[in-house]
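Novice: The hints should help you fit chain B onto chain S, whose structure is shown.
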Amino acid sequence: MRTFSKIVFSLALLFSQNLVAQLLPISYDTLEIKQELIINGGVDYYSSAIEKDIASKFIRGGFIDQTMKDRSFSKHGAVNRLGGVGLASIEYRNYNKRIFKKKNWGYVIKGGYDVFFGALYSKDFFGLAMYGNDQYRGETIDGSGTNLSMTAYQKIGFGLIDRKTKSSVSFNVYNVSSRMNAQMRKFELTQDLAGDNIELVLDGEISTSNSNKFNQGIGFGVDIDFKLPISYGKNNTIAFVQFQAQNIGFAYMYEKQKVYRLDTTFTFSGLEFNQLVGDDSFFGDSLSLLDSLGVTSSLKNKTIMLPGFIQVGKIVDEHSTKKLQSFFGLRLYPTLIYSPFIYAGANYKPLEWLNVGANVSYGGFGKFKTGLYSSVRFSNYSIGLATENLIGFFSKKANGESLFIKLRWAI
Amino acid sequence: MNRIISLLLIALVFSSCKKEKTIWETDWSAPLISDTLSLDKLVNDSTLTNSGGDYLLDLNRTLLDLNLADLITIPDTTISEEFIPGAALTLSPGFSFVNSVEEHQMNIPDVQLKIILLKEGFIDVKVENPLPTITIFDVQLPGVTKNGVTFSKQYQAPAMSNGVLGVVQESIDLAGYQIDLTGITGGSVNFLRSQITVITDPAGPSVSITPSDITNVDATFRDIKINYARGYFGNKIIADTSNVFIDALNNVSNGIIDLPASTIQFHIENGIKVNAEAKFNYVSNENAAGNVVSLTSLNIGNPINMNAATGSWNTLVPSQQTIEFNSTNSNIEVYLENLGANHKFAYSMQLNPWGNTSGSWDEIFPQSKLKIGITANMPLAIGLDNLILKDTFEVSLNQDPNKTRVKSGELILQASNAFPISGEIKIYLINEDGSLASTIVGSSQLKSSLTGTIDATTGLLVENSELRFVLSEDAVNRIDNVKSLVLETKFNSTNPVTGLSEQQSIPFGAFLAVKLKTKFKTENKF
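Taken in sequence, the protein lines are chains S and B. Those letters in the first sequence? Residues 1 to 411, by the numbering used here. Those letters in the second sequence? Residues 412 to 937, by the numbering used here.
Straight line, CA to CA, 27 angstroms or less: simulated DSS-like cross-link-like pairs of lysine-lysine:
1) B:932 - S:75
2) S:75 - B:432
3) B:432 - S:213
I should point out that these hints are in silico values taken from the structure, not numbers from a laboratory.
For reference, chain S alone in the conformation it holds in the complex:
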């Protein structure tokens, strides 16, 4: 089965063209064309410590056994990250229609669906979630600094694109369909060895959707894609640097969000018998568990920052005479969950219709990763497949999985 998988993957590489990974603009075609339709989709999740066999269970389902938990747990350090993106987009570019007479600008119409999720957490937090509190008797479980975030949104946009440089700017409207954010400035659960007493110290806030409505908030943002030629070396060789910003903007959650505020020190060593019976008993109607824990809740409208990113890097020139080209760059999300992501790789063009490439990267939601891609062009059509986590395809011990597909039609 594994051999068969490799064959299929190799064939996919063989027949792909004009490939990009999730966000890596690895080839740049300066040929002037009239129209272009691009369909792009994929998922990429990874972690600094959680292995694929656990993370994949949260996507495809299945049982997480003790071995899986132990292996991932041993990889955890003091600070850990987990996250991912899922995206699907369609974009139409018309270079033929000039929006302004004096400018060589066409237009862009785009739409898409994006999910961003991430977590910054401690080893203890993972242990508590995966093992429970029993193994921590006589210790303090420290989950302070835990930060969880998830945003799902849809967007439609309209913009301008330079006919020659393919640089573009588009203005987008967003519908935020789901959102969750949790910040635990302090989370300490202390238990004595006998399990007789527990103390919980909490200081944090959890904000989540209060309804299942598809439309929770509206946002406005911008996508920018500038490609700049830079000459270097004795021969004034031209290279292209891309500055890209996507989904930079804000959204207003017009559906009220449920906000839980936690600020308490709760100690518990067991109920007394007279707390078990009577109207004021622990289980009576008059008692709220959340109140006892010092948790307050409220409904609020919130303004949030969209999970956009900025990326700067050297890209591949599709019409370069060199068969081997380098690419490298830096990607930033404005959140602590995502550490600065750097990448570098090489593109090889053995045939006119074929590109293959490999890259290494570090940061983001995880640590070191390798990527592989290929794209194939047939006349006006091209297809590409890519992964930003090559090991994820072959090893259960990998820290994530990644696969992207891109279809392009251009005349």
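Specialist: Frame of chain S; chain B shown alone:
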């Protein structure tokens, strides 16, 4: 292959599509209960005293407590007098046209009173003048006195005008008044005297009066409460049945209890200066199994003479009798060892059983009472031989198999026991149809303090135990149908040296410190 296809599908349909739930197991532990039980906490209607380092139970209950207000009540009574002339007359100014001395019987059932002293009460007087001139009413109640002064009031009623009678009304506080109820002759009972005169206005005109002109006087005694009464209080019989419930004993389902020699005393007090006769018709109890044991003794069913109280007012000395039931004159131990939860006491008290032998000189004072009390003195030494207590709790333990649920677990009971009693604990999980779903047996005994060591803090023998109640996966899987939980404990007071069940004294300050903790495995589904 599957991974690639799956990822491709995810990418192509732009969303994840889970075929099954993510499942993992976690182990949790938490304290549930931490408390110390002692007899001081459990017993709220008894007195526990220290007798030579052991507990002594001194139980007191009052079965009957009647005071003067319960025994003699004076109903509201209205004295109404109408004066109708026999023929038409012309009345000159200052003419006395009514001069009446009457006696009125008060409706006081079963009691013949001669003298009463009022603690509180009122008289509402209303006079009606039918004449077109002012009339003067002089109302006297010759037997109603305060500090030796007879009740006497004079009312000036306005003239009748336009067909409307001239009316005067007044309410007078009677607190502190004494009422002589012997009537005009002085030999009657329950009779009140009145003397009423009415004259026309001496400064007014002459007026005519006809048989249709009715002069009326109403005097209503209301809200009377007495401080003292004298007379013949009748051959009254006060009979009742009292129940004393000891709910905890309803949970005893089996076993034998051995109690030390005990006594129950009934205390009868007669604070009325009247002879009486008390009788206990029966004393019985019924246990949780429906077994009824009656107390048998010569003191049951036979009358007990009660002398009249002596003295008066501040020197009143009630007559008292104590009837004791002990192991020599009754089956008291059998009675107590039946562990009845419902005790019934049927008794009666008859006043003047031989009639009016006091010459109507029965007396009752403010502090006079008829009381029956019960006292039980028992050293808290108890022998338990497989005594089983059962209690049932309604529960709802539904779990959705498609959501996060408890998969298995255990309850851990850690106890420090200073009672000389051991216990074996079982938990029965009962289905809605009454069938047994599971039985959870404690991993070991709750050990008796008799096998323990001296605790340096309390100076008591204390034994530590740890009992585990394992909730297996199989039991959890069947928990959805469980609607009740039966907690059964089998108690024994076994002497560790002889191995026999013996009476053991409960040491003063005995306690049972309990820590109940839980460990459970959850199956998390996401």
